[in-house]
Amino acid sequence: MSVTSQPFYTDGEPIADTKAPEVPMSQKWDQRRFDAKLVNPTNRRKRSVIIVGTGLAGGAAAATLGEAGYHVKNFCYQDSPRRAHSIAAQGGINAAKNYRNDGDSIHRLFYDTVKGGDYRSRESNVYRLAQTSVEIIDQCVAQGVPFAREYGGLLDNRSFGGVQVSRTFYARGQTGQQLLIGAYQALERQIAAGTVEMHTRHEMLDVIVIDGRARGIVARDMVTGEVETHMADAVVLGTGGYGNVFFLSTNAMGCNVTASWRAHRKGAYFSNPCYTQIHPTCIPVSGDHQSKLTLMSESLRNDGRIWVPRDGDDKRDPRQIPESERDYYLERRYPAFGNLVPRDVASRAAKQVCDEGRGVGPGGRGVYLDFADAIERMGRETVEAKYGNLFDMYAQITGENPYETPMRIYPAVHYTMGGLWVDYDLQSSVPGLFVIGEANFSDHGANRLGASALMQGLADGYFVLPPMLSHYLAEAPFGEAGADHPEAVATADGVRARIETFLSIDGSRTVDSFHRELGHIMWEYCGMERTKEGLTKAIGLIRELREEFWRDVKVSGVNEELNQTLERAGRVADFIELGELMCIDALHREESCGGHFRAEHQTEEGEALRDDENFAYVAAWEFGGDGGSPILHKEDLVYTEIEMKQRSYK
Amino acid sequence: MNITLRIWRQKNSDAPGAMQTYQVADVSPDMSFLEMLDVLNEQLTVAGDDPIAFDSDCREGICGMCGLVINGLAHGPNDMVTTCQLHMRSFSDGDVIDVEPWRAQPFTVIKDLIVDRSSFDRIIQAGGYISAPTGTAPDAHAAPVPKADADAAFDAATCIGCGACVAACPNGSASLFVAAKITHLGLLPQGQPERDSRALDMLAQHDHEGFGGCTQIGECTAACPKGIQLDLISRMNRDVLGALSHRR
Amino acid sequence: MATRTENSTSRIPVWRSTVVLKAAMAVSGLVLVGYLLAHMYGNLKVFAGQEAFDEYAHHLRELGEPMLPYAGALWIIRVVLLAAIGAHIYSAVTLWRRSRAATGGQGGNRYASSKAKRGSQRSYASFTMRWGGVVIVLFVIYHLMHFTWNTVAPGGASDSPYERVVNGFEIWWVVLSYTIALLAVGFHLRHGVWASLASLGANTSPRRRRQLNILATVVAAVITVGFLLPPFGIFFGLVG
Ligand SMILES: Cc1cc2nc3c(=O)[nH]c(=O)nc-3n(C[C@H](O)[C@H](O)[C@H](O)COP(=O)(O)OP(=O)(O)OC[C@H]3O[C@@H](n4cnc5c(N)ncnc54)[C@H](O)[C@@H]3O)c2cc1C
Ligand code: HEM
Ligand code: HEM
Ligand code: SF4
Ligand code: F3S
Ligand code: FES
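Chains as they are written, first to last, in this note's numbering: chain E, 36 to 685; chain B, 4 to 251; chain H, 149 to 388.
Derived from the structure by calculation, the hints contain no laboratory data. Treat the numbers as computed from the prediction; the structure is a model and nothing was measured. Everything hinted at is true.
One-sided and incomplete, this derived list gives chain H residues near chain B with beta-carbon spacing under 10 Å:
{"#": "1", "residue": "Val162"}
{"#": "2", "residue": "Val168"}
{"#": "3", "residue": "Gly256"}
{"#": "4", "residue": "Arg258"}
{"#": "5", "residue": "Ala260"}
{"#": "6", "residue": "Phe275"}
{"#": "7", "residue": "His339"}
{"#": "8", "residue": "Leu348"}
{"#": "9", "residue": "Arg356"}
30 Å max Cα-Cα, derived DSSO-like pairs, lysine-lysine:
{"#": "10", "chain 1": "E", "residue 1": "Lys386", "chain 2": "E", "residue 2": "Lys572"}
{"#": "11", "chain 1": "H", "residue 1": "Lys263", "chain 2": "B", "residue 2": "Lys14"}
{"#": "12", "chain 1": "E", "residue 1": "Lys680", "chain 2": "E", "residue 2": "Lys54"}
{"#": "13", "chain 1": "E", "residue 1": "Lys421", "chain 2": "B", "residue 2": "Lys150"}
{"#": "14", "chain 1": "E", "residue 1": "Lys572", "chain 2": "E", "residue 2": "Lys301"}
{"#": "15", "chain 1": "E", "residue 1": "Lys386", "chain 2": "E", "residue 2": "Lys421"}
{"#": "16", "chain 1": "B", "residue 1": "Lys14", "chain 2": "H", "residue 2": "Lys265"}
{"#": "17", "chain 1": "B", "residue 1": "Lys14", "chain 2": "E", "residue 2": "Lys589"}
Here a beta-carbon is modelled for each residue, glycine too, at the ideal position from N, C-alpha and C.
With these hints in hand, go ahead and build the complete structure from the sequences.
If you want it as structure tokens, here you go:
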């Protein structure tokens with residue numbers, strides 16, 4: 036079947052996650068927790084854990100494990116743990132509280148998440164996520180997270196991402212910030228108590244694996260350039276997503292894949308790297324200088340109408356274009372859902388109309404999101420009350436007044452569902468290396484529901500990881516492993532050598548120019564719509580780019596001081612390698628599912644066509660060595676609770 | 004547009020710094036201020052010069068990582084925006100723009116335009132939290148919060164910890180930042196048990212870090228990208244004085 | 149960069165915290181404002197003629213008799229004033245030093261750019277608090293030498309306070325010096341009254357902030373004008 040893609044990878048043994056107990060779905064998590072070994076409180080102080088990342092996942096985990104009494108070392112690349120990228124999440128967080136009594140339940144959240152993920156996620160993990168969601172809200176409220184409330188003083192909910200129940204808790208447009216600050220405050224409390232040792236402005240550059248177990252990391256102090264070795268009994272990665280492989284995305288400038296990629300090179304499997312989520316409502320690119328894209332809340336689609344001119348090359352002012360010459364293409368193609376079709380459908384439709392030459396704005400990469408009708412229907416004041424801050428943000432960035440001319444939007448990379456493979460315990464294929472939050476692959480399948488990433492980050496950090504990590508640590512000690520262990524020394528030397536190489540190439544092209552080029556390749560061939568030829572071509576282009584990078588990159592300055600070019604060089608080098616694997620993964624998956632759309636696999640109406648017969652598995656890639664090809668391990672997805680169905684939004 | 008920049012360059016915290024002049028040509032009005040600096044940095048790198056170090060991460064005004072004093076004003080001339088949200092259309096062709104780091108004794112310059120704001124984390128460590136161990140929380144609906152309080156707490160909680168208030172304050176005071184946190188937690192029922200100790204401990208750490216006192220000048224609130232209001236400082240003072248009177 | 153709080157033994161005790169010092173400054177400042185209002189009221193009696201004014205000065209000394217000895221109440225007022233001035237100056241100087249330490253000794257002028265020397269919204273009054281305060285102290289010493297200790301007597305000495313006042317304010321440079329001093333006082337109070345109330349917790353909303361600033365302007369204006377009426381009245385021959 037995948038004849039031409041065969042040479043790009045080799046097949047390995049299938050894998051299975053055997054950690055979830057063989058009991059009915061609703062009892063699995065209780066049973067697993069009960070089976071887990073405990074660590075005596077007096078012994079906890081002797082057990083150390085390294086946690087990389089201070090986002091919702093890493094921050095919550097560090098606070099919780101610190102409080103439990105473990106010796107925690109926590110790392111982030113920003114100047115404060117409070118600035119992890121979770122802070123940027125706007126919309127909200129789901130939880131099956133059923134405060135609205137509108138028929139929500141753990142089972143429904145579970146069902147919606149599996150369906151939303153286009154049946155490519157692991158049932159047991161998703162069920163646990165839905166179960167835990169309830170506790171998250173309690174925890175956050177107790178910490179003082181100021182969720183939106185109603186006049187009666189109780190928590191408000193809204194419906195989000197096209198689901199039929201109101202289960203999304205929110206704090207105006209800053210839910211991520213408020214949740215993260217809650218976790219951050221809990222973390223700072225532990226730092227003050229001395230249980231957590233915080234290392235800010237530190238970038239993890241490798242993991243140390245000794246006797247098959249993750250025992251430490253090598254990190255660079257980004258201020259002094261010192262390459263440090265940190266040892267522990269276990270290592271946890273909560274390092275976020277890798278959307279920045281596309282150069283332009285809604286992710287923060289510093290988001291990177293380095294931690295995950297370095298772990299992958301040390302034996303951790305990387306799962307489903309090609310599953311990326313493209314968000315339909317971002318502010319379009321305005322020029323080559325653009326450094327990142329800004330998301331506007333999806334809620335805009337509730338009242339705005341999306342259209343493009345009926346005929347291509349229509350350069351008129353949008354207000355001059357009469358109704359009859361407009362194409363409200365989503366309303367036309369999906370009469371039932373209209374402008375509210377899921378993210379991937381809306382994104383792809385926008386790309387199609389732009390490909391037809393009907394796009395608007397600079398470069399023809401944009402469609403109108405028009406509030407004229409809404410303003411007429413609800414009055415300007417109501418629109419202002421509902422969306423004022425988003426309109427202001429739009430005006431700030433584009434210099435246009437969205438109350439008068441329609442906004443322009445375009446899809447942008449937003450979230451990566453793929454990540455390091457983990458079992459039910461959140462442990463990767465390297466014992467002692469745990470992965471939480473967006474960095475793992477586990478809960479969202481091929482497509483993530485809105486407001487579910489925050490839920491997953493906090494579930495992993497506060498509730499799932501701590502007991503599972505304790506279980507692992509109960510086995511400790513795992514043998515002497517100090518910073519002078521030969522393996523630790525070799526890893527640190529490897530990091531130093533790599534830094535040395537960057538600095539000595541002294542080529543002619545800047546790091547950013549490579550990153551931008553990689554982004555173009557990825558967006559063009561591994562973006563919203565993928566084809567066999569395109570992906571094959573992309574792999575070739577990326578290999579050339581990689582070769583050129585190591586020959587011609589220019590990294591100025593020295594290691595022994597704050598050097599942002601050097602930081603970026605390492606990240607881009609890893610992105611290039613990841614990009615290749617993403618294309619290979621996309622190429623091998625000869626079906627369309629969720630965020631992965633292969634043009635060859637669509638229905639007559641242009642909808643995604645899944646192939647459950649052949650592809651209902653997680654693709655877990657093992658690193659095949661430099662110059663070698665990656666090894667594919669398949670974890671079959673078995674659905675016992677939910678029946679696989681084709682999505683339809685007609 | 005063509006822009007002349009006068010930028011503070013400083014190799015590290017020990018080295019002396021100075022303003023240096025750079026030219027950037029063909030600046031598009033759609034560029035953000037930081038993207039304009041990116042362009043300059045690309046030029047510097049290709050020319051073999053050391054690019055200008057500045058902090059930024061989210062570039063959408065929420066993480067609080069960015070922060071430059073532009074023409075003497077923290078986060079630049081526009082109201083209610085962070086540096087990363089400032090666009091070049093706020094300037095005109097031929098402008099000379101001064102760019103400096105936040106300045107205050109506790110904010111040591113690390114390099115060029117990057118300063119050390121870890122003092123803010125230590126102020127939070129001193130008491131800027133509610134002690135709520137994981138897993139022990141009562142149901143979220145156990146304690147209703149009047150909407151007015153919840154909204155006011157939220158307004159205070161929007162502080163992004165950027166430090167512009169300190170950079171703008173003639174006294175180098177971080178009162179607005181501390182007050183925002185004290186208000187956020189102090190308005191909620193969950194925050195009551197630790198309200199007194201929180202106010203006293205956070206203030207003590209604020210002073211210990213070497214920030215100045217507030218003399219109600221109000222530059223902080225004008226610079227604050229999140230519009231944190233001055234009355235929160237008054238509220239903080241009430242909490243501190245109240246805590247003192249309870250101590251007896 | 150590790151960001152753990154270091155050992156906090158050298159922490160500043162709460163009674164010397166910025167907030168408490170500022171409260172002390174506010175309370176003492178308000179006491180001084182109260183005194184000034186009363187003093188101004190007394191001074192305006194100059195328009196009622198020599199008898200009334202001298203009577204009033206005398207009455208001040210008999211206040212509280214026989215419970216208090218002669219001039220007892222005056223001494224109590226003086227002690228309170230001295231304590232207030234002491235507290236005011238102590239806290240002002242301590243906070244001033246901290247603020248200089250926090251800004252490398254340069255306060256609002258610490259940026260190389262000269263494009264926003266006046267900040268974005270601060271009032272002129274807020275700039276002049278500290279040096280304005282020093283001007284006031286110098287004035288008060290001079291003023292005490294003039295009227296209380298009688299060590300200087302421009303225009304001629306007299307046993308009658310009324311005559312001392314009238315004699316003094318017939319000279320243009322005496323009037324000028326008092327005018328300068330009162331402008332300093334006016335500016336000091338324009339920011340000081342607002343700031344003291346806000347520091348003590350009275351600023352509860354942006355609207356209240358505006359109201360308190362209006363109040364401060366009114367108090368400052370009343371005190372400045374009220375005090376300046378006698379000197380100008382005398383100078384232009386409306387009194388006596
Ligand atoms: C604009 C935007 C809006 C969103 N809105 C929503 C929403 O409304 N609802 C929702 O559920 N989800 C939303 N998401 C997704 C969600 O915010 C993220 O998936 C989630 O916050 C990720 O959390 P995390 O803890 O896994 O990682 P992050 O928060 O990204 O944290 C990563 C951490 O790892 C550290 N780190 C990374 N690499 C290294 C390294 N090499 N060395 C040291 N430290 C490292 C970083 O410093 C950081 O502390 C949104 C995402 C974006 C971009
Ligand atoms: C035109 C304005 C003023 C006039 C005519 C005036 C007049 C006087 C007189 C006549 C006395 C002596 C009272 C007595 O000993 O019986 C006096 C005392 C005093 N005045 Fe003024 N004064 C003026 C302004 C001020 C101002 C602006 C201040 C303060 C800022 C001030 C502070 C004092 C003080 C502190 C005393 C000493 C009170 C005491 O302890 O006896 N005066 N003033
Ligand atoms: C003796 C010399 C004086 C000095 C050195 C002095 C200095 C200061 C300083 C530095 C401030 C703080 C400024 C600020 O908040 O921005 C202040 C505030 C104030 N001063 Fe004075 N002052 C003096 C005299 C006076 C007098 C005589 C009065 C009364 C009439 C007065 C009334 C006030 C008031 C009401 C405040 C506001 C208090 C506050 O800000 O909390 N001061 N003074
Ligand atoms: S109060 Fe405003 S200026 Fe100060 S740190 Fe918070 S957001 Fe920044
Ligand atoms: S500018 Fe400074 S003096 Fe107070 S009101 Fe703001 S902290
Ligand atoms: S970069 Fe995040 S607020 Fe500016």
